[in-house]
Amino acid sequence: MSLTPASGITPRHHFGIGVDIGGTGIKGGIVNLETGDLVGERFRIDTPKPATPEAVAEVLKQIVDELMSRPEAPEADTAVGVTFPAIIDNGVALSAANVDKSWIGTDVDSLFTATLGRPVTVINDADAAGLAEARYGAGKGVAGTVLTITLGTGIGSGMVFNGQLVPNLELGHLEIDGHDAEAEASASARERKDLSWNEYAKLLQRYFSHVEFLFSPSLFIVGGGISKKSEKYLPLLDLRTKIVPAQLINNAGIAGAALQSTLHAEVTGVIAS
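Using my numbering, the first residue of the sequence shown is number 277, and each one after it goes up by one.
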């Protein structure tokens, strides 16, 4: 059932806030939870150096405060969704990529909830992108297993099965030919090795064929900045599974984080008025 009333104006309580924490920038936005679209402009602040828990939490507060000052902001007690570049287990960071190592073992959910004074749900950044693409983007309406693979500095992965997120798949660390897959087939590996698109496609073929054998997905979605040049390499791949470029690109993390915070609130019963 649609969330949007007959007037075509989506009420504020169907908006959410998502914040995407990255190694160079932290960006947030107000999200229409029905469509995944951003309501207004994103707001971005550089990631502090060093990116310690206390410093990042302060930037997060600045971003949420700015978003909440807008006329279209959701209700004051609306849960906030936050992506984080780490393995997240029940809100606790078990790793740290492109942020300070002091994050490992930190209860990120609790830290951000205390900082903002409102419920916060933290999700792995690749999981957020995968969830958003499955709900709003290239995987919308696709049943079964939808795998979003982001090709960037490393290889991120997000799996959604019949609309449900399967968290913390680290498919960039699959071993292929004696190496971590992301060391050979990430976008940064292509640049480091100065590979042609044909040469790069051969490495992607090896990787995606292996993942296809393991999971038999209904759809592959390729994200990351390199997905904007998908015509250079996707047609060179020979897979049983359909493979398409991501649609949300820069806003996938924000949209996925906001969606996850709402889904988590529904499960736990902590639903904002």
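Don't read these hints as lab results, they were simulated from the structure.
For glycine and all other residues, C-beta sits at the position ideal for the given N, C-alpha and C.
A few of these clues could be false.
[As the list claims (entries may be wrong)] In silico lysine-lysine, DSSO-like type, Cα no more than 27 Å apart, as pairs:
1. 303 x 337
2. 508 x 416
3. 337 x 325
4. 377 x 416
5. 518 x 508
6. 416 x 469
7. 416 x 337
8. 337 x 377
9. 469 x 508
10. 518 x 303
11. 518 x 504
12. 478 x 504
13. 508 x 478
14. 478 x 505
15. 325 x 377
16. 478 x 303
[As the list claims (entries may be wrong)] Simulated DEER-style distance windows between Cβ atoms:
17. 420 x 322: 38 to 44 Å
18. 380 x 420: 16 to 22 Å
19. 334 x 377: 17 to 23 Å
20. 325 x 386: 20 to 26 Å
Quick rundown of the hints versus the structure:
1. For a cut-off of 27 Å, the pair hint linking residue 303 to residue 337 stands: about 12 Å separates their Cα positions.
2. At roughly 24 Å between alpha-carbon atoms, residue 508 and residue 416 fall within 27 Å of each other, so this suggested pair holds.
3. For the hint linking residue 337 to residue 325, the alpha-carbon distance of about 17 Å falls within 27 Å, and the restraint holds.
4. Restraint check: the Cα-Cα separation between residue 377 and residue 416 comes to about 36 Å, which exceeds 27 Å; the hinted pair is violated.
5. With a CA separation close to 16 Å, the supplied pair residue 518 and residue 508 stays within the 27 Å bound.
6. For the suggested pair residue 416 and residue 469, the alpha carbons sit about 35 Å apart, so the restraint of at most 27 Å is broken.
7. Restraint check for residue 416 and residue 337: not satisfied, since their Cα atoms lie roughly 32 Å apart, outside the 27 Å limit.
8. Restraint check for residue 337 and residue 377: the C-alpha separation of about 21 Å stays at or below 27 Å, so the hint holds.
9. Between the alpha carbons of residue 469 and residue 508 the distance comes to roughly 17 Å, so the proposed pair stays at or under 27 Å and holds.
10. Between the alpha carbons of residue 518 and residue 303 the distance comes to roughly 31 Å, so the proposed pair goes past 27 Å and is violated.
11. About 17 Å separates the Cα atoms of residue 518 and residue 504, which keeps this hinted pair within 27 Å; it holds.
12. Taking the CA atoms of residue 478 and residue 504, the gap is near 19 Å; set against the 27 Å cutoff, the hint holds.
13. A hinted pair counts as satisfied when its Cα atoms are at most 27 Å apart, and residue 508 with residue 478 qualifies at roughly 12 Å.
14. Our distance criterion of 27 Å between C-alpha atoms is met by residue 478 and residue 505, whose separation comes to about 16 Å.
15. About 12 Å separates the Cα atoms of residue 325 and residue 377, which keeps this hinted pair within 27 Å; it holds.
16. Distance hint between residue 478 and residue 303 is unfulfilled; the C-alpha atoms sit about 34 Å from each other, more than 27 Å.
17. In this structure the hint that residue 420 and residue 322 lie 38 to 44 Å apart at CB holds, the actual value being about 40 Å.
18. For the pair residue 380 and residue 420, the supplied restraint of 16 to 22 Å is violated, since their beta-carbon distance comes to about 34 Å.
19. Residue 334 and residue 377 have their C-beta atoms about 19 Å apart, which keeps the hinted 17 to 23 Å range intact.
20. The hinted range of 20 to 26 Å is satisfied by residue 325 and residue 386, whose Cβ atoms lie roughly 24 Å apart.
Of the hints listed earlier, those the structure fails to meet are numbers 4, 6, 7, 10, 16 and 18, in rising order.
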